[in-house]
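J.: Sequence:
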Amino acid sequence: MKYLLSDLAVLWRMRALLRVLTRRDLSARFAGSAGGVLWAWVQPALTIASYFVVFDLIFAMRLGESAPAERVGTFLVVGMLAWMAFAEMTQRAMHSLVEAGGLLQKNPLPPALFPTRSVLSSALVFAPLFVVLALAYWPQYGSQGRGAAALLALPLLMGLQVLLAWLLGYVLAVLVAALRDVAQVVGFVFSVGVFAAPILFPLAMFPERWRWLLWLNPITPLALGYQGILLQGQWPAWPVWLGLGAHLALAAAALSVVLARSRDQLVDWL
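Note that full-length UniProt numbering has the sequence shown beginning at 1, numbered continuously upward.
I should point out that these hints are in silico values taken from the structure, not numbers from a laboratory. Please read these numbers as outputs of a predicted model, since none were measured by experiment. Since no wrong hints were added, every one of them can be taken at face value.
Have a look at the derived ranges for each label pair, beta carbon to beta carbon:
#1 200 x 30: 26 to 34 Å
#2 103 x 53: 39 to 47 Å
#3 19 x 47: 26 to 34 Å
#4 210 x 19: 40 to 48 Å
#5 131 x 107: 30 to 38 Å
#6 43 x 195: 15 to 23 Å
#7 15 x 208: 43 to 51 Å
#8 187 x 17: 28 to 36 Å
#9 105 x 15: 18 to 26 Å
In silico SDA-like pairs for lysine to any residue, Cα to Cα no more than 20 Å straight-line:
#10 2 x 263
#11 2 x 109
#12 106 x 264
#13 106 x 21
#14 2 x 266
#15 106 x 262
#16 106 x 265
Quick reminder that beta carbons are idealized off the backbone N, C-alpha and C, glycines included.
Given the sequences, and given the hints that come with them, work out the whole structure.
T.: In structure tokens:
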């Protein structure tokens, strides 16, 4: 755990440099385009809009009474936005060390800067989308529960999602540096992971005796938390926080082990 704490201390000391790197990463992603950073919001916004139009307006599909929302599109949008944000942050962090390999070999910079930069730049893209979704959903869906108290859980849940994506992304970044095949395996896992979480279907529709399998997916507590806040106006239930805490603890432990075993060879792998 000391290596993880050491990296966190380094990130705090070099927070000014981290801000510069994050800003440059956002600029570099859309350099040369007339729309600039606006393109970062276009794809997820259009994806979300397509779910709403297809499932709610065209097919007018409905869920059962046990679902957090009656309309299918309305339900899908919440979980899919959480999934897209988590996948974007984690996968960009996963490739960050390999992409910065030349720079790290020439300059004695802390490797932790680069996964952190990737996660923060992606978080800055998706955070406004969560705010817009909350503003759109809350008057009709969220306010029917406990009111503003539940809405206070939204920034907390978003912060924990960023932290979890950073921990997992950093672990994967080191593993990809050691073995490039890891990126291919993880890409496949992410492509099917959306089907193993209550994103495309309500948790109540999944067989009860097998629901524990869904909790192995780190996006499950996040999706349930967002659905509870935005669709029901409820503070996330204790299983959400417990599941999220378990995934954070496991990811932190895995990162500590990976950092301890790769500290001396990491730059050489790049």
